[in-house]
Amino acid sequence: MVLLLRLFIEFFKIGIVTFGGGQAMLPLLQHSFVTELHWITQERFLYFVSVAEVTPGPVALNMSTFIGYELSGVIGSAFATLGVVMPSFLVILAVAHFEKKFKENVIYKRFMLGVKPVIIALLINAIYLIVNRGFVGFIPYIMAIVSLAVFILYKKSPVLILLIAGVIGVFVLR
Amino acid sequence: MKKNLRLLYDFFIIGLFTIGGGYAMIPLMRQTFVNTRKYLTEDEFLEMLAISQITPGPIAINMATFIGYREGGLLGSSLATLGVVLPSFIIILLISMFFTNLTQIPQVQKFFIGILTGVVGEITYITFDIFKKANKDIFYIALLLLSLVELFILKINPIYVILIGGALGIIFGKFFEDNNGASS
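The listed protein sequences correspond, in order, to chains B and Y.
For the first sequence, our numbering assigns the number 1 to the initial residue and increments by one for each residue that follows.
For the second sequence, our numbering assigns the number 1 to the initial residue and increments by one for each residue that follows.
Derived by calculation from the structure, the hints in this document are not laboratory data.
Glycine included, every Cβ here is placed at the ideal spot set by N, Cα and C.
Any given hint could be a false lead.
[Claimed, not checked] So the derived label-pair ranges between C-beta atoms look like this: (1) B:A94 / Y:F99: 32 to 42 Å; (2) B:L28 / Y:F172: 29 to 39 Å; (3) B:V2 / Y:F172: 52 to 62 Å.
[Claimed, not checked] As a list, the in silico EDC-like pairs of lysine to aspartate or glutamate whose alpha-carbon atoms are at most 20 Å apart: (4) B:K101 / Y:D43; (5) B:K156 / Y:E42; (6) Y:K132 / Y:E44; (7) B:K109 / Y:D137; (8) B:K109 / Y:E42.
[Said to hold, decoys possible] Partial chain B-side listing against chain Y, Cβ under 8 Å, derived: (9) V49; (10) V51; (11) V85; (12) I107; (13) F111; (14) V115; (15) I124; (16) L173.
Chain B extracted, bound-state conformation (with noise of 0.2 Å):
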């Protein structure tokens, strides 16, 4: 049960400082569970994070599962799991709560007024993040550029559009 409560918060914590994408909360993870509690051995550490990269779901969730699963089994991930989610929520819940309060405030909306280009930007450096780690060769890009064409064409299904892309590398990806 201390385990248990200590997966908890320590991932409570993570979930804290963790912003944006995941990626960010990997070397805090490190430190937590490698070098100060000593709870994995850092070629673990490793081998998570290199399939946490490529399996679907946020980082941050499938870390907080693997770590909770090697230390505690199916209940270890699911405390790991809610340490990880809950600050998330608990702000979110208050923010969506006083939402309509401030959406009339005049700073807000000139605060909102300077962000909208800057997710323009976000948006392109998360295709450059992407393409920097995950594409090797030409093949990739080809893929993409096709994928980018049918999206423009036909933007009805994406979910199907993605597992086509999926079934199509199994067999042109080298």
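Given chain B, put chain Y in place with the hints provided.
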């Protein structure tokens, strides 16, 4: 209740197809909640995205809680968050229990990279689409260019890039907000 279960289902699908970081889910979320379900306008979606980036926690969880709360209160936000968490949870548990080497199998790797190429096409598409629909005055273009410099050349953390954009919006916004009547 039907709406809450739909939130659970929608976010489960979104969680399942988020490969390649939190931003990978943005196109699917936009398609689902702005275009198909019409829960949000484009502007509301973009504002939510910005808030999700500057508050603690993975974007996926923040967006799920946010949209869930708006559509179904506390229960809605709980179910939406559960939905987006479950695919990760189940898949990683299965890998831990039975398929320790799953991601080492070449076919599996290729399948995931294939999906990743689709994700890149998808994000590229919505980037153009959001840009196309935006009110592109000189303020918008200048801030976009500034943000690109901050991200690619100065390597500033995205949270600060958003906060800088917001701060400049507060300072200079009054000169431009008249042109953006459509955005409110």
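Open item on the list: Please check whether B:L173 passes as an interface residue: C-beta within 8 Å of a C-beta belonging to chain Y.
Closed with: holds (4 Å)
Open item on the list: Please verify whether B:K109 and Y:E42 have alpha carbons no more than 20 Å apart.
Closed with: holds (15 Å)
Open item on the list: Please verify whether B:K101 and Y:D43 have alpha carbons no more than 20 Å apart.
Closed with: Holds, at roughly 17 Å.
TODO: Could you grab the alpha-carbon distance between Y:K132 and Y:E44 and see if it respects the 20 Å cut-off?
DONE: holds (17 Å)
TODO: Mind checking the CB of B:V51 against every CB in chain Y and telling me if the closest is under 8 Å?
DONE: Holds: closest Cβ of chain Y sits about 5 Å from B:V51, inside 8 Å.
Open item on the list: Between the beta carbons of B:L28 and Y:F172, is the distance compatible with 29 to 39 Å?
Closed with: At roughly 36 Å between Cβ atoms, Y:F172 and B:L28 fall inside 29 to 39 Å, so the hint holds.
Open item on the list: Does Y:D137 sit within 20 Å of B:K109, going by the straight-line distance between their CA atoms?
Closed with: holds (16 Å)
Open item on the list: Interface hint check: B:V85, Cβ to nearest Cβ on chain Y, cutoff 8 Å. Holds or violated?
Closed with: holds (6 Å)
- [ ] Would you check whether B:V115 satisfies its interface hint, that is, whether its CB is within less than 8 Å of any CB in chain Y?
- [x] Since chain Y brings a Cβ to about 4 Å from B:V115, closer than 8 Å, the hint holds.
TODO: Double-check B:I124 for me: the hint is only fine if its C-beta lies closer than 8 Å to a C-beta in chain Y.
DONE: holds (6 Å)
Task: Status of the hint placing B:V49 at chain Y (closest C-beta pair under 8 Å) - done: violated (11 Å)
Open item on the list: The hint says 52 to 62 Å between B:V2 and Y:F172; measuring C-beta to C-beta, is that right?
Closed with: holds (54 Å)
Checked against the numbered hints above, the structure violates only hint 9.
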